[in-house]
Amino acid sequence: MKWLTFLAVTLVVAPAFAQTPPPPPDAVAAPTGSQPASNNNRYLLLPDISFISDARGLFTSDKTNPNRNKFLLDSGELAIQSFVYPGIKQDAFIVFGNGEARIEEGYVTVQDLHFAKLPLSATVGRRKAPFGRVNQLHPHSWAYIEPPTVLKNLVAEESLTGDGAYLSYLFPTKFFLQLDAGYFGQPTPTEDGTAPESGAGFRDTFSTLRLWGSQRMSGGDLELGASDAQGKGVGYGGFSPQNTLHGLDLTYRTTATDSQRTLVRSEWLSHEQKGSGTTRRAEGYYVSVDKRSGPFRSLGVRYDNSGSPWAVGREKSFSLIQTHQLTEQTYFRLQATHGDRPGQKGFNELRLQWVWGVGPHTHNLE
Amino acid sequence: MEVITTTPELAAITRELVGNLANVTSLAKSETNYHQVDAKPSDVVRVARADVFMRCGMDLDMWADALLASARNAKVQRGAVGYVDASARVRKLEVPTGGINGASGDVHSAGNPHYWFDPKDAVVVAYEILLALLAVDKAHATAYNANYKRFSDEISSRMAGWERTLAPFKGQGFVAYHDEWIYFATRFGLTPFGFLEPKPGIPPSGGHVTDLIQRMKASKVRAVVMGSIYSTKYADLVAKEAGGKVAVVPYSVGGMGTRNYFDYINAIVEGFAKALR
Chain S
21 MKWLTFLAVT
31 LVVAPAFAQT
41 PPPPPDAVAA
51 PTGSQPASNN
61 NRYLLLPDIS
71 FISDARGLFT
81 SDKTNPNRNK
91 FLLDSGELAI
101 QSFVYPGIKQ
111 DAFIVFGNGE
121 ARIEEGYVTV
131 QDLHFAKLPL
141 SATVGRRKAP
151 FGRVNQLHPH
161 SWAYIEPPTV
171 LKNLVAEESL
181 TGDGAYLSYL
191 FPTKFFLQLD
201 AGYFGQPTPT
211 EDGTAPESGA
221 GFRDTFSTLR
231 LWGSQRMSGG
241 DLELGASDAQ
251 GKGVGYGGFS
261 PQNTLHGLDL
271 TYRTTATDSQ
281 RTLVRSEWLS
291 HEQKGSGTTR
301 RAEGYYVSVD
311 KRSGPFRSLG
321 VRYDNSGSPW
331 AVGREKSFSL
341 IQTHQLTEQT
351 YFRLQATHGD
361 RPGQKGFNEL
371 RLQWVWGVGP
381 HTHNLE
Chain L
490 MEVITTTPEL
500 AAITRELVGN
510 LANVTSLAKS
520 ETNYHQVDAK
530 PSDVVRVARA
540 DVFMRCGMDL
550 DMWADALLAS
560 ARNAKVQRGA
570 VGYVDASARV
580 RKLEVPTGGI
590 NGASGDVHSA
600 GNPHYWFDPK
610 DAVVVAYEIL
620 LALLAVDKAH
630 ATAYNANYKR
640 FSDEISSRMA
650 GWERTLAPFK
660 GQGFVAYHDE
670 WIYFATRFGL
680 TPFGFLEPKP
690 GIPPSGGHVT
700 DLIQRMKASK
710 VRAVVMGSIY
720 STKYADLVAK
730 EAGGKVAVVP
740 YSVGGMGTRN
750 YFDYINAIVE
760 GFAKALR
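Just so you know, the protein sequences line up as chains S and L, in that order. In the numbering used here, each residue carries its 1-based index in the first sequence increased by 20. In the numbering used here, each residue carries its 1-based index in the second sequence increased by 489.
FYI, nobody ran anything at the bench for these hints, they're computed from the structure. There's no promise every hint is true.
[What the hints assert, rightly or not] Derived lysine-lysine pairs resembling DSS-like cross-links, with alpha carbons at most 30 Å apart:
1) K722(L) - K311(S)
2) K688(L) - K609(L)
3) K609(L) - K734(L)
4) K137(S) - K564(L)
5) K109(S) - K609(L)
[Said to hold, decoys possible] Under 10 Å between C-beta atoms, here's a sample of chain L residues computed to sit facing chain S:
6) D527
7) V533
8) Q566
9) A615
10) Y616
11) T699
12) Q703
13) R704
Yeah, the Cβ is synthetic: ideal placement off N, Cα and C, and Gly gets one too.
Could you put the whole structure together from the sequences, leaning on the hints where they help?
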């Protein structure tokens, strides 16, 4: 009978005992998260607040450029970021520049919609649209000072932005594959008859669709993306054309070792304007290579070749870009460009940039 | 079970606990500066499939936040049982008491985050990991508890040897590239004398290095210890001028031929002994 009791105890008690963690080791301290809230640590309730300044200089052979041979404080970006609820984050970016303050972005992201167990997230508010590889990046996160010509000519001077919402679906595949679908409106619709000088030229609302994937390979990561944006363009004489943007992008990034990595990126874009029996098309691309040789330095080259939906002729240029990083948020950059553009054969530009920042500042995945 | 860690050291400690019961992957590659890791879309997939996500914390791996946000995996979001901040129970050193700003360099508000260099802290980290494993995978609780005990016992038994190796150098000063040895030095009674970086994360300057050499000569400090990811350009100069030696030690588990956490600490202890001898 004794052996039966022993067996019962072994079978019932031992497994329960095994599931209990042992006492903590000697060197253990109280968990960091268990500090009581009091008046003295109300700062814990503060959101992440940061400020990033962007000063730029331009020396150019283009005598018509109003910023020629000037060094100006281009913008200051105040960011306020925090979770407002488990799984729900708000981000606000207020930009000061040219004597005015504006909300560049202000949105809420629901990281997991819990809809039919699908890995689906939603973003609502004013947001840089998920179109192309770099449209959602802020200027201080760019690998250049002056954006690629094709992006300025066909998409937007800085970024295609709107008030609206988009859904992101992460496919349950072995490699990264995500679909972003959005619908946006512009806070101030462009008045009919006002011809844009650059950009997509959407009059008011537009929709975007982006599918992008990434596969880890030996030595690096390969990323491919395809984007589409559609909306009514600025109208003339009571008729609004349909504007359509298509984009393809490719990125290859070598696996970083000892802070070194090489980033190769290219985007091809086309712009089509259909209306009143006519179709106007423009397209262009850029190819860039950026080599980070250590924690503080990188050197890049870029080739631009782009037409414009709003002007005749193409701009072709070659840029050399050098960055010296002081800290994660502070760097100096130099961009020297030589090329041809309509009306300016053999133009030369030298741009300088000094970006400095304070406070915790985060953006979505680069 | 899939366990994702931000650094190879956390992965190495986790492997000691899980054995063959889980796949353990580190997002940062071995011998990569952990302050400068590119969070990539392909990493999102790994985090999306993880049952346990383990990070260093203390603001060292803030790049992981973008991955957690993009992965939409409720099992490993902050607050979930599968989310582990390995620093939670570690006694923090060099916690700033005044304000921090750009003039301080890359100072972390929660304290110096390089706690894994202290083998006793590795046991604290292992305990944090154990609690997560017991919560996520109860079926293998017996194995996890046994593996934790084995890891803890092995650290204890090896500790005596490591202490014996470094005992002759107790109180001796050394120079390093980055301020990352405070936990190791505190454990073994060594004294960080100075750093090639004038402030954390700020590259060495001629003036600072010259001043450091003068101070080393005056205080008869000759040992220079370098993590294997840093350039030895300034270290060689400093050691030559101060009449000392440079010892390069692995920055990561996996670096300089190390295969696990014990190899790693062995190599570091031997490197320090070589520089201090």
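Consistency of the hints with the structure:
no. : hint              : in the structure
1   : K722(L) - K311(S) : holds (21 Å)
2   : K688(L) - K609(L) : holds (27 Å)
3   : K609(L) - K734(L) : holds (28 Å)
4   : K137(S) - K564(L) : holds (13 Å)
5   : K109(S) - K609(L) : violated (37 Å)
6   : D527              : holds (6 Å)
7   : V533              : holds (5 Å)
8   : Q566              : holds (6 Å)
9   : A615              : holds (8 Å)
10  : Y616              : holds (6 Å)
11  : T699              : violated (20 Å)
12  : Q703              : violated (25 Å)
13  : R704              : violated (25 Å)
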